[in-house]
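All chains, please: the whole structure from these sequences, using the hints.
Same order as they appear, the protein sequences are chains F and Z.
Each residue of the first sequence is one higher than the one before, counting from 1 in this note's numbering.
Each residue of the second sequence is one higher than the one before, counting from 1 in this note's numbering.
Keep in mind that the hints were calculated from the coordinates and are not lab data.
Any given hint might turn out to be false.
Distance ranges between label pairs, derived from CB positions [stated by the list, open to error]:
id, chain 1, residue 1, chain 2, residue 2, range
1, F, Pro214, Z, Leu352, 22 to 28 Å
2, Z, Ala140, F, Arg282, 34 to 40 Å
3, Z, Thr340, F, Pro55, 53 to 59 Å
4, Z, Glu195, F, Phe278, 34 to 40 Å
5, Z, Arg14, F, Pro214, 26 to 32 Å
6, Z, Ala140, F, Asp187, 58 to 64 Å
7, F, Arg28, Z, Ala130, 35 to 41 Å
For every residue, glycine included, the Cβ atom is placed at its ideal position computed from N, Cα and C.
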Amino acid sequence: MTATTARAESASGGSGGGGRVQGWLRKRVVQIVLAVIALFWLVPGIGLFVTSLRPVESFGDNGWWSAFTHPAEFTLQNYSEFLGDAQLLRSVWNTVLIAVPATIFPVFLAAMAGYALAWIPFRGRDTLFLIVVAMLVVPLQMALIPAFQIFNFLSLTGIPAVWVFHTAFGLPFAVFLMRNYYAGLPDSLMEAARIDGASEWTIFSKIVLPLGWPALASLAIFQFTWTWNDLLVALVFAGNSRPFTVEIQNRLGEFSSGIGIIAPGVFIGAILPVAIFFAFQRYFEAGLLGGSVK
Amino acid sequence: MATRTEAKRRQGSRLYAAVFVLPALVILGAFVLYPALKTIYDSFFGRFGEEFVGLDNYRQMFEFDRMRKAIFNSFLWTAIFPVLVTTVGLVLAVLADKIKWKTAFKLVLFLPIAIAVMSSGIIWRLVYDASPDLGLLNAAINVPASIVSPEGDYAGAVASLDTVIIGDDGSLSQPVEVGPEGAVSNIGLLRVPVEDISQSSVQAVILAPKQGTITGVVWRDTRPGADEKGVVEPEEVGLPGITVKLVSADGSPVGSATTGNDGSYEFEDVAPGTYQLEVNASVLQEAWGGVTWLGPSLVTPAAIIVGLWIWAGFALVVIGAGLASLDRAVLEAARVDGATEWQVFRRVTLPLLGPVLGVVFVTLTINALKMFDLIVGIAPGSVQDDANVIALEMWRTAFTGLGDRGLGSAIAVFLFVLILPIMALNLRRFRIEEGRR
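Shown next, in the form of structure tokens:
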């Protein structure tokens, strides 16, 4: 009992009652500092949201924070303008059309490849995986120009080209993550299944795939956020089927005259990934950690 | 019998392995490996890929201004961004470890990573706006700035006649010769906006000299139509509320007066001699104009701060996970041995976190080198050249304007070469970890 108290006291940074007060004070200061930092982190986003609710005419007069002293000024005018702009609406839809298949393809392919690389012994397997690890950091700039030519040659343009490119550059990370996750599954499980005469496909679909669910979810969320938010790949390959990022980038030139329609655009474009982020925060974090720390 | 099924099984497995791995492999080969090799090949050819140019593209790369600036900026990004974000992430992770609402804190800092990087750039344009009225950062700086040097009642006004001497600090002074019949000394001001003039202000008066006094008006020396400078004319109003000081020839103050609604002031009982009439600089002091954060010289540091805003949450979460997996018993043991908190951190926590910090640092270094969307989002068109980075220049060279395939490829290869050491590091780390398995 006495030992625990002594330890608790030394942990709070001093000995005796004075130390305890000091420790309490320090904790308070840390709390306040972190609260201020958290606030700082939120303010730019709040600024954008408030801006999107203000009339365009007021943008040149005062900052978004003055809206709080004139609450009557709030308007949905920017949003209705956004919704009335067929091209902008189309761009959000294009983003959906891009991101969903560009998530499903690599996740599915990686689930299969990851299983084989982890559990089916074949010659050259380790070398193959090493190549995948090497590909993890290849910048996609290295492939843009030739891929553009290949797609032209195959007459594969617009959204499908974006799918293929996203799949290709999503695969190294996806395979890496899935293979490592599968490799962590217990040996005994696979052996038992094999002794029972289960085929590789049965093992994969009935055992590995369900067990690998958390990793798949992390990967899917990661890949979805990445493809949803991507600018560069779509800029090069999407052609006229522009997703919202490219559409907004296109309109940035008119920025100086006020960000009227851009503010709601940015906000609307962020709703889905942020919602997914909140809903699946655990998986999101796990995917991140799986990619960096093992 | 058993061996035969085993052999069959093996054969079957090989087939399965092919079925499982091939689709991914084909795509990786066709759209990552082959294009990457083709890019290296293309980098030795001309704009449209026809004629062989040797190393010309690589030479040219270092010779045009836009690319040189891009290399410089990418260097700046790589030198500052990973260290900054890792350090902030570490400090925040250690601090957040001490609070109960750790999860909520992480969530808030992590949030920016969920939205498009380009959008983050746009969001921060609102923070960085050059005007203290529109940009949050400048508005925040303006709060203390306006206390230190508040905007004058007639900010930005200038004297209309060159008899007025402008001091180093921006104050106005005008020499006055006082004879036996007194003196009149007027100071006309230009560039006084109508909204700066008080409601009570009236037509400026024309004053005659009065014995033993210095008198005059401070007035707005402009009117629509024909306008003679230095002469008080109809429709020209007095400027009330300005403190006028009288200083004798030896520099000692004689007195001060404040102008009335007609702009007039008066000093009585003034002995003949030479004097100086002064108007304080604070009257004309302009409001603080704000810093042009997104101008040519500051845009890259400003963008790096946005990078911190986006990726600090990543560093925080990864380092936080590393911190959570530390063996608390080791830390406790050090504390029991009488180590201070700082010693525990410096000698125990930090070395144990080494590998995690390394991973975060490397990931951020790659991010810094591949930076693209953020620059597009935050840099206004006119400063895009000043904010340029290698990854952005690659796209601009290859895909905008006429498009230079050879040069674009060379820039991509250059970027890849910068990332190569990281690839080597990854492979080594992977080999070591696999060896442990």
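Hint-by-hint comparison with the structure:
For the hinted restraint 22 to 28 Å between Pro214 (chain F) and Leu352 (chain Z), the CB-CB distance of approximately 27 Å keeps it satisfied. With their beta carbons about 36 Å apart, Ala140 (chain Z) and Arg282 (chain F) fall inside the hinted range of 34 to 40 Å. Take Thr340 (chain Z) and Pro55 (chain F): their Cβ atoms lie about 57 Å apart, and the range 53 to 59 Å holds. Between Glu195 (chain Z) and Phe278 (chain F) the Cβ separation comes to about 48 Å, which falls outside the hinted range of 34 to 40 Å.
About 30 Å separates the C-beta atoms of Arg14 (chain Z) and Pro214 (chain F), a value consistent with the hinted range of 26 to 32 Å. Judged by the Cβ atoms, the range 58 to 64 Å given for Ala140 (chain Z) and Asp187 (chain F) holds: they are separated by roughly 59 Å. In this structure the supplied range 35 to 41 Å holds for Arg28 (chain F) paired with Ala130 (chain Z), their Cβ-Cβ distance being about 38 Å.
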